[in-house]
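Undergrad: Below, each chain spelled out in residue letters.
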Amino acid sequence: MIDYFYLIPIALGLGLTALAAFMWSLRSGQYEDLDGAAERILHEETDAPLRKNPHTP
Amino acid sequence: MGCCGPGAELALLARDARGTAEEVLLASRVVADGVRQTDLSVPTVHCGACIRTIEKALGGLAGVESARVNLSTRRVTVRWRSESAPPPFLETLKRAGFEAHLFDIEPDKTDGALSELIRALAVAGFAASNIMLLSVSVWSGAESGTRDLFHWLSAIIALPALAYSGRIFFRSAWRALRHRRTNMDVPISIGVLLAFGMSLYDTTQHGPYAYFDASISLLFFLLIGRTLDYMMRERARLAVKGLAQLAARGARVLQADGKQVYLPVSEIQANMTIMLAAGERVPVDATVTKGTSELDVSLVSGEQTPVPATVGTVLRAGTLNLTGPLTIVATATPDNSFLGEMVRMMEAAEQGRSTYRRIADRAASFYAPLVHLTALCALVGWLFATGDFHRALTIAIAVLIITCPCALGLAVPMVQVVAARRLFESGIMLKDGGALERLAEIDTVVFDKTGTLTLGRPRLIEAGSMDREAIGIAAALASHSRHPYSRALVEAAADLPPSRVVFDGVSEHPGFGLEARSGAISYKLGRPEWALARPAEAARMSGDGSVVLSKDGSRLAEFRFEDFLRSDASKAVTELKHTGMLVQVVSGDRETAVALVARQLGMPYLAAVLPAGKIAHITALEASGRKVLMVGDGLNDTPALVAAHASMAPASAADIGRNAADLVFLHESLSAVPQAISVARNARWLIRQNFALAIAYNVVAVPVAVMGYVTPLVAAVAMSASSMLVVANALRLRSPRKIARRPVAEAQLSAKAIIEAAE
Numbered sequence: 000m001i002d003y004f005y006l007i008p009i010a011l012g013l014g015l016t017a018l019a020a021f022m023w024s025l026r027s028g029q030y031e032d033l034d035g036a037a038e039r040i041l042h043e044e045t046d047a048p049l050r051k052n053p054h055t056p
Numbered sequence: 000m001g002c003c004g005p006g007a008e009l010a011l012l013a014r015d016a017r018g019t020a021e022e023v024l025l026a027s028r029v030v031a032d033g034v035r036q037t038d039l040s041v042p043t044v045h046c047g048a049c050i051r052t053i054e055k056a057l058g059g060l061a062g063v064e065s066a067r068v069n070l071s072t073r074r075v076t077v078r079w080r081s082e083s084a085p086p087p088f089l090e091t092l093k094r095a096g097f098e099a100h101l102f103d104i105e106p107d108k109t110d111g112a113l114s115e116l117i118r119a120l121a122v123a124g125f126a127a128s129n130i131m132l133l134s135v136s137v138w139s140g141a142e143s144g145t146r147d148l149f150h151w152l153s154a155i156i157a158l159p160a161l162a163y164s165g166r167i168f169f170r171s172a173w174r175a176l177r178h179r180r181t182n183m184d185v186p187i188s189i190g191v192l193l194a195f196g197m198s199l200y201d202t203t204q205h206g207p208y209a210y211f212d213a214s215i216s217l218l219f220f221l222l223i224g225r226t227l228d229y230m231m232r233e234r235a236r237l238a239v240k241g242l243a244q245l246a247a248r249g250a251r252v253l254q255a256d257g258k259q260v261y262l263p264v265s266e267i268q269a270n271m272t273i274m275l276a277a278g279e280r281v282p283v284d285a286t287v288t289k290g291t292s293e294l295d296v297s298l299v300s301g302e303q304t305p306v307p308a309t310v311g312t313v314l315r316a317g318t319l320n321l322t323g324p325l326t327i328v329a330t331a332t333p334d335n336s337f338l339g340e341m342v343r344m345m346e347a348a349e350q351g352r353s354t355y356r357r358i359a360d361r362a363a364s365f366y367a368p369l370v371h372l373t374a375l376c377a378l379v380g381w382l383f384a385t386g387d388f389h390r391a392l393t394i395a396i397a398v399l400i401i402t403c404p405c406a407l408g409l410a411v412p413m414v415q416v417v418a419a420r421r422l423f424e425s426g427i428m429l430k431d432g433g434a435l436e437r438l439a440e441i442d443t444v445v446f447d448k449t450g451t452l453t454l455g456r457p458r459l460i461e462a463g464s465m466d467r468e469a470i471g472i473a474a475a476l477a478s479h480s481r482h483p484y485s486r487a488l489v490e491a492a493a494d495l496p497p498s499r500v501v502f503d504g505v506s507e508h509p510g511f512g513l514e515a516r517s518g519a520i521s522y523k524l525g526r527p528e529w530a531l532a533r534p535a536e537a538a539r540m541s542g543d544g545s546v547v548l549s550k551d552g553s554r555l556a557e558f559r560f561e562d563f564l565r566s567d568a569s570k571a572v573t574e575l576k577h578t579g580m581l582v583q584v585v586s587g588d589r590e591t592a593v594a595l596v597a598r599q600l601g602m603p604y605l606a607a608v609l610p611a612g613k614i615a616h617i618t619a620l621e622a623s624g625r626k627v628l629m630v631g632d633g634l635n636d637t638p639a640l641v642a643a644h645a646s647m648a649p650a651s652a653a654d655i656g657r658n659a660a661d662l663v664f665l666h667e668s669l670s671a672v673p674q675a676i677s678v679a680r681n682a683r684w685l686i687r688q689n690f691a692l693a694i695a696y697n698v699v700a701v702p703v704a705v706m707g708y709v710t711p712l713v714a715a716v717a718m719s720a721s722s723m724l725v726v727a728n729a730l731r732l733r734s735p736r737k738i739a740r741r742p743v744a745e746a747q748l749s750a751k752a753i754i755e756a757a758e
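Chains as they are written, first to last, in numbering that gives the first Met the number 0: chain A, 0 to 56; chain B, 0 to 758.
Next comes chain A alone, as it looks inside the complex (with noise of 0.2 Å):
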């Protein structure tokens, strides 16, 4: 039982990732416009999110 520890924190570390990258995914306003963005996939233009403030990368 024991020997198998070490597969708890690699758990919690892929568990924190998806949190991770779900935040970052909610910041970046890629949840603003889900309707646009399933359309916005046959575009050849940009398709990024637009940004709450315009000039910070």
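These are computed hints drawn from the structure, not numbers from a lab.
Take the hints with a grain of salt, since some may be wrong.
Sample of chain A residues facing chain B (criterion: CB under 8 Å; computed from the structure) [as the list claims (entries may be wrong)]: (1) Ile-7; (2) Leu-11; (3) Gly-14; (4) Leu-18; (5) Phe-21; (6) Met-22; (7) Leu-25; (8) Glu-31; (9) Asp-32; (10) Leu-33; (11) Asp-34; (12) Gly-35; (13) Glu-38; (14) Leu-41; (15) His-42.
Cβ-Cβ distance ranges computed for the label pairs, FRET-style [stated by the list, open to error]: (16) A:Ala-37 <-> B:Tyr-708: 47 to 55 Å; (17) B:Tyr-708 <-> A:Ala-10: 28 to 36 Å; (18) A:Ile-9 <-> B:Glu-346: 56 to 64 Å.
Note that CB positions come from ideal geometry on N, CA and C, so glycine has one too.
Starting from the structure of chain A, add chain B where the hints point.
TA: Below, chain B without anything else, positioned relative to chain A:
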């Protein structure tokens, strides 16, 4: 949502969305150095091709930095360089085939609440799933060393999650306690915090049971309910805000040195001279000093026919100038104007109304003391019976957790979210859940006439029996004017072939009509006594509602107009009566006009009522024990909307009316009113069922908990099962269309029952 979603029909209701450069500037804000942002509401965007068209058209304008369509909210965000005048957004969009109107940008304050909820939900979800994973191995019988380790891990995960996700509940509970009240959040907070504290203590003492999973998954379930509830209200609010603004944003003021400046309404003072173009709304109460025109006062007083204005006429804020430019002098500041007066009456009515306590809060005020008392009894009882304080406390906390209103906290919001969704599908925007509860109690419906029972715009009557040639000529002439009768003529001729007559010059004579020449022939369209060469002939015609088309002074055709009832108005009224409602009309319009409509629909009426009279009428009804639903659209209805128990407004209502109403319906049909009421009643029935389910669950679970048989596993299973049961029950709420098809016999039966109960 496809092309046929509720938003698509907004286009029909959009009135003149005029946006001068000054208005665009007023409604925009600075987002970065030299860059301004303007938000536009474009209700007709519905596909990928629209996105491209709009972004290309706007992006191609000089000075535009970026244009971005949001398909979900049907908005366009345009960023433009502020050195030059704002580019012509609205005109460009109109050429591309999209009606658009300006959307006031508000501070990002409200965005914060939703993203805070979602972030809290994400953190709670992460913590709940990981703690559950660890708990499963504990439940399946881990050895004590492993169990302690897993408990410690759970505690480490739970603590930050509790602090981060739980503060939404703690804050609300603290606010309620400080005002010496309880709400649902008080037992939730106490249960979660005590369970965590006790589990932490047990973990340090190498105890076999820890409730970390229960306390975090409780938070997770409740946050789901809360987030859905918030999203529902936010969506309705945005949809209502996206409608065209009907009040003036500002006015062109003539200064002493002869220059004209565009000032926002809030900066206008008495005695300022204002240039009011045709098609603009009067910003403040004023007197006309130059020019003649006609004014559409339907939104302000409920009168249908346009009112003539000449030098000396007193204008009320909010009326629409139709035909000619006017020079007016402000007689009051915005605060003292008609609009300001309405706002003050609204506030007074708000204070006069008894505060409504939501079902959940009323339930909590019974439930919370009961739960806390039971837990206390369990604690004291076990302490006396065994003398083991630790054991007694564990059992008391198990009682708190098992009764913690997980199901109860979801019982109300879930039903209301589903109801709001059903209403949204049929074009009815619900502002908040409390309104749904109040709507279910309604037994009296008071309608305004103009713009509510009727469409608020005239239509040509007996068009079929008229000379098509004459209608064609009249429509060609009328297309040069924004008078409602002209609009009606153009609308009536939309299906006819265009007239072959070519006009040389068209001029509009405010207060009289339109005149045009075609070669040597002179055409006139307007008041009979003006259009006809022989006044004697005109005198024979009935005055107000008729318009004459003449050719060189002789009559070609006579047109009559009438304000039409909304589609389904009589069906809706009949349906309301069948369910035992008292239905009335209260209007500011003249007696004859109101009587006509009231007789058609077979309901009692009050005519020529002032705004204060409307409030008095509703207050009197409420005082006699009735629960009134007010349905109205005008500025003059707004105080009454607030005074009533619940209120509804059509999408075409005045801005403050739309904001004050609990529900806003977008479609033309008046059947929205009975639909909303039946959804509200069904929702109330389901909420009661959910409460019954939650109580039944507690009746079974509490004795088990008090006996001390609740392990963390039992708690987790019981809580999840009861939550899912409640959610599944909420989803049974039917959509209004299906409800409408219910057999009439049942409706009549319930009507009879209600009447009997009332007696």
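Undergrad: The structure should be examined with respect to each hint, and the outcome stated for every one.
TA: Structure-based check of each hint:
1. Ile-7: holds (7 Å)
2. Leu-11: holds (6 Å)
3. Gly-14: holds (5 Å)
4. Leu-18: holds (5 Å)
5. Phe-21: holds (5 Å)
6. Met-22: This hint holds: Met-22 (chain A) lies near chain B, its Cβ roughly 7 Å from the closest one there, short of 8 Å.
7. Leu-25: holds (6 Å)
8. Glu-31: Result: holds, 6 Å to nearest chain B Cβ.
9. Asp-32: holds (4 Å)
10. Leu-33: holds (6 Å)
11. Asp-34: Nearest chain B Cβ about 4 Å off; hint holds.
12. Gly-35: With Cβ-Cβ at 4 Å, under 8 Å, it holds.
13. Glu-38: Since chain B brings a Cβ to about 3 Å from Glu-38 (chain A), closer than 8 Å, the hint holds.
14. Leu-41: Since the shortest Cβ distance to chain B is 6 Å, the answer is holds.
15. His-42: Check passed: Cβ of His-42 (chain A) comes within 6 Å of chain B, closer than 8 Å.
16. A:Ala-37 <-> B:Tyr-708: 47 to 55 Å: holds (51 Å)
17. B:Tyr-708 <-> A:Ala-10: 28 to 36 Å: Check passed, 32 Å falls within 28 to 36 Å.
18. A:Ile-9 <-> B:Glu-346: 56 to 64 Å: Given about 60 Å between the Cβ atoms, the range holds.
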